[in-house]
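> Quick note, in the working numbering, the sequence shown goes up one by one and the last residue is 65.
Do not rely on the hints blindly, as some may be mistaken.
Unchecked claim - If you anchor each label on the Cβ, the simulated ranges turn out as follows: (1) A39 x Q15: 20 to 30 Å; (2) D7 x S45: 16 to 26 Å; (3) A39 x S19: 32 to 42 Å; (4) E43 x P6: 30 to 40 Å; (5) R33 x P8: 33 to 43 Å; (6) P6 x A31: 26 to 36 Å; (7) D7 x S30: 13 to 23 Å; (8) P8 x G32: 31 to 41 Å; (9) L9 x G32: 30 to 40 Å; (10) S16 x A39: 18 to 28 Å; (11) A31 x P8: 16 to 26 Å; (12) P8 x S45: 17 to 27 Å; (13) D7 x A31: 20 to 30 Å; (14) R33 x D7: 25 to 35 Å.
If you're looking for bench data, these hints aren't it; they were derived computationally from the structure. Just so you know, these numbers come straight off a predicted model, no measurement behind them. The beta carbon of each residue, even a glycine, is placed where N, CA and C say it ideally should be.
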Amino acid sequence: MAQHGPDPLLISLLQSIGSWNRRRGDRLLSAGRFHDAVALQREFSGWQGYLDGGDGLLTDLELRR
1 MAQHGPDPLL ISLLQSIGSW NRRRGDRLLS AGRFHDAVAL QREFSGWQGY
51 LDGGDGLLTD LELRR
């Protein structure tokens, strides 16, 4: 039977990576390393786009600046 939509295992993996990415970004921001946090987010934004079609995490980082 053909599978429709994204692979649930892949989605779960990407969500785990996204969670790690947010925690790492928070630590970088807490250490005053805004540019590193943005670079980390840009690296992840392609995967984030796969999950929800947006770059909401980058926008969130920019709002925290």
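> Now tell me, hint by hint, if it's right for this structure.
These are the hints, each one checked on the structure:
| no. | hint | in the structure |
| --- | --- | --- |
| 1 | A39 x Q15: 20 to 30 Å | holds (21 Å) |
| 2 | D7 x S45: 16 to 26 Å | holds (20 Å) |
| 3 | A39 x S19: 32 to 42 Å | violated (19 Å) |
| 4 | E43 x P6: 30 to 40 Å | violated (21 Å) |
| 5 | R33 x P8: 33 to 43 Å | holds (34 Å) |
| 6 | P6 x A31: 26 to 36 Å | holds (34 Å) |
| 7 | D7 x S30: 13 to 23 Å | violated (34 Å) |
| 8 | P8 x G32: 31 to 41 Å | holds (38 Å) |
| 9 | L9 x G32: 30 to 40 Å | holds (37 Å) |
| 10 | S16 x A39: 18 to 28 Å | holds (21 Å) |
| 11 | A31 x P8: 16 to 26 Å | violated (35 Å) |
| 12 | P8 x S45: 17 to 27 Å | holds (22 Å) |
| 13 | D7 x A31: 20 to 30 Å | violated (35 Å) |
| 14 | R33 x D7: 25 to 35 Å | holds (34 Å) |
Hint compliance for this structure: hints 3, 4, 7, 11, 13 are broken, all remaining hints hold.
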